[in-house]
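J.: Please put together the full structure from these sequences, using the hints given.
Number of protein chains: 2
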Amino acid sequence: MATLTVPAAVPPVADDVEQLHKAFEGWGTNEKLIISILAHRDAAQRRAIRRAYADAYGKELLRALGDEIHGKFERAVILWTLDPAERDAVLANEEARKWHPGGRALVEIACTRTPAQLFAAKQAYHDRFKRSLEEDVAAHVTGDFRKLLVPLVSAYRYDGPEVNTSLAHSEAKTLNEKIDKKAYNDEEIIRILTTRSKAQLLATFNSYKDQFSHAINKDLKADPKDEFLATLRAIIRCFTCPDRYFEKVIRLSLGGMGTDEEDLTRVITTRAEVDLKLIKEAYQKRNSVPLERAVAKDTTRDYEDIMLALLGAE
Amino acid sequence: MATLTVPAAVPPVADDVEQLHKAFEGWGTNEKLIISILAHRDAAQRRAIRRAYADAYGKELLRALGDEIHGKFERAVILWTLDPAERDAVLANEEARKWHPGGRALVEIACTRTPAQLFAAKQAYHDRFKRSLEEDVAAHVTGDFRKLLVPLVSAYRYDGPEVNTSLAHSEAKTLNEKIDKKAYNDEEIIRILTTRSKAQLLATFNSYKDQFSHAINKDLKADPKDEFLATLRAIIRCFTCPDRYFEKVIRLSLGGMGTDEEDLTRVITTRAEVDLKLIKEAYQKRNSVPLERAVAKDTTRDYEDIMLALLGAE
Numbered sequence: 001m002a003t004l005t006v007p008a009a010v011p012p013v014a015d016d017v018e019q020l021h022k023a024f025e026g027w028g029t030n031e032k033l034i035i036s037i038l039a040h041r042d043a044a045q046r047r048a049i050r051r052a053y054a055d056a057y058g059k060e061l062l063r064a065l066g067d068e069i070h071g072k073f074e075r076a077v078i079l080w081t082l083d084p085a086e087r088d089a090v091l092a093n094e095e096a097r098k099w100h101p102g103g104r105a106l107v108e109i110a111c112t113r114t115p116a117q118l119f120a121a122k123q124a125y126h127d128r129f130k131r132s133l134e135e136d137v138a139a140h141v142t143g144d145f146r147k148l149l150v151p152l153v154s155a156y157r158y159d160g161p162e163v164n165t166s167l168a169h170s171e172a173k174t175l176n177e178k179i180d181k182k183a184y185n186d187e188e189i190i191r192i193l194t195t196r197s198k199a200q201l202l203a204t205f206n207s208y209k210d211q212f213s214h215a216i217n218k219d220l221k222a223d224p225k226d227e228f229l230a231t232l233r234a235i236i237r238c239f240t241c242p243d244r245y246f247e248k249v250i251r252l253s254l255g256g257m258g259t260d261e262e263d264l265t266r267v268i269t270t271r272a273e274v275d276l277k278l279i280k281e282a283y284q285k286r287n288s289v290p291l292e293r294a295v296a297k298d299t300t301r302d303y304e305d306i307m308l309a310l311l312g313a314e
Numbered sequence: 001m002a003t004l005t006v007p008a009a010v011p012p013v014a015d016d017v018e019q020l021h022k023a024f025e026g027w028g029t030n031e032k033l034i035i036s037i038l039a040h041r042d043a044a045q046r047r048a049i050r051r052a053y054a055d056a057y058g059k060e061l062l063r064a065l066g067d068e069i070h071g072k073f074e075r076a077v078i079l080w081t082l083d084p085a086e087r088d089a090v091l092a093n094e095e096a097r098k099w100h101p102g103g104r105a106l107v108e109i110a111c112t113r114t115p116a117q118l119f120a121a122k123q124a125y126h127d128r129f130k131r132s133l134e135e136d137v138a139a140h141v142t143g144d145f146r147k148l149l150v151p152l153v154s155a156y157r158y159d160g161p162e163v164n165t166s167l168a169h170s171e172a173k174t175l176n177e178k179i180d181k182k183a184y185n186d187e188e189i190i191r192i193l194t195t196r197s198k199a200q201l202l203a204t205f206n207s208y209k210d211q212f213s214h215a216i217n218k219d220l221k222a223d224p225k226d227e228f229l230a231t232l233r234a235i236i237r238c239f240t241c242p243d244r245y246f247e248k249v250i251r252l253s254l255g256g257m258g259t260d261e262e263d264l265t266r267v268i269t270t271r272a273e274v275d276l277k278l279i280k281e282a283y284q285k286r287n288s289v290p291l292e293r294a295v296a297k298d299t300t301r302d303y304e305d306i307m308l309a310l311l312g313a314e
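Top line first, the protein sequences correspond to chains A and B.
Using the working numbering, read the first sequence as starting at 1 and increasing by one per residue.
Using the working numbering, read the second sequence as starting at 1 and increasing by one per residue.
These are calculated hints, taken from the structure and not from any lab test.
Take these hints with a grain of salt, some might be off.
Since the list gives no way to pick one copy over another, a pair counts as held whenever it fits inside one copy or between any two copies.
Unchecked claim - With a Cα cut of at most 30 Å, we get these calculated BS3-like pairs of lysine-lysine:
1. Lys32 with Lys297
2. Lys147 with Lys178
3. Lys209 with Lys277
4. Lys72 with Lys22
Since we're looking at a predicted model, the values are computed, not measured.
T.: So this is what it looks like as structure tokens:
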């Protein structure tokens, strides 16, 4: 379900490294060459390239890239080149430090990665920032959002398929009672959403629909402008339909007044090796236009080129 | 600093397994033989014995032990025989299910293990119980204790030596302000204690003493009967002086009306391979009597024998 395309015959790492070094040399940078290599290598191949580049030239590849390219193109290339766990650590740190109620990176990292992947991101966070993700979220986020986001990024959820159906029934009831009273920040809602396994939550949301004849997210739309409610809905959608969740983030990043490259880059770089093909299908279905065409319309130059390359455009 | 004694020449695993099988055979069980083997093998050796026993006799060693021995002796042998991470998972599950305000197993597991060991316990919890530690604690513990214990067992703390001294200064101030107002369950106290690294917390407690000329734990003794305050003090002592913390748990388990074998067994089995020597020294210093003698006085028979063996008695 990935969109990443890797050539049938991948050149030796030493050749890739030499080509990248050439792309940085002399007057001007050869952005096309950078994209033609990095945007067509998988995580393990990019890791090997980073290691070999540092060995050959005594300089980190990411630092060399940072010296040569700039702005949104730089951010896209660097995020993409990072290992998935490191990339999540960087995105989580960015959002924790300048947190705002509309931020979605923490929710996505906590709810669309497997528990093992989330843990790997936390290890990468320690290595890179010499602090824990939990303490940074707890120190920077405030109020109800803190009550929700700290446990959300902290819990090591069970990852198995086992479901307790009577628990799903009773916790669906608990959710409905609290939502009925508009007690959206209630401890019980937070406890259920932040600690139960994905399989258990899906059973709970299904039971909710069966018992109360609405999807839980419909009932969480009482006030469309309330960002806390929007965050609860995002959490639920990340578990129930990540492809449609990400489709919407991309749609909103492209539509309207100017493009939100931050969101677009985050979704494209984090999903290109995972499920971007499904997200593209969801986009085409919802917007009657291929995602590549929409992205090409709203972006330009090197940034456009790397986005399209990661989207698997021909 | 361990008390565990392993013979200079450890018999082959196959011999240990055969001897254990003999100890179970016929009328009566040879408890001395069980102790002479299991209480003198380290975690890796016990793991090898469990694997070889299951291979040789088609039955789990722990199940065979459970069929032969009973009561507090059984609990001690089985907890000891388990891998450290599995043992922590079992102890945490026991306490989460029948949680009471005086329980200390969750605090000890969250605060005296390294972050990597706590994570290993959580993985063992998934494997064994098909649920997460976090969800069980959140589902069974209530009120202020839930607000404290769920983040305490959830966070993956940073484990490095780096300390931010100005942060330590300001967070010591925050702790003092809240304690002064008797706002012991305040979100900020909980945030600091549950998310900061051990090194950072030690710096914060030192700064507290420097700024306010009391140890923080002195200021948390306003009401000696308040179990929430006692839990906060236990958390702090587990970070600052685990040997003296465990000495006190043992002292209280032995003194007074009857022996609390649950606490005694937990501390001896979890620390025998870690720091029980330091705990013994702390006990001798505080009580002017060797710990072995105090344990021998308050316990009997096979249970006494395994406790003394794990304590490294000659």
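J.: Each hint should be assessed against the structure and marked as holding or not.
T.: Hints and how they fare:
{"no.": "1", "hint": "Lys32 with Lys297", "result": "within (19 Å within a copy, 80 Å between copies)"}
{"no.": "2", "hint": "Lys147 with Lys178", "result": "both (16 Å within a copy, 19 Å between copies)"}
{"no.": "3", "hint": "Lys209 with Lys277", "result": "within (29 Å within a copy, 58 Å between copies)"}
{"no.": "4", "hint": "Lys72 with Lys22", "result": "within (22 Å within a copy, 71 Å between copies)"}
No hint from the list above goes unmet by this structure.
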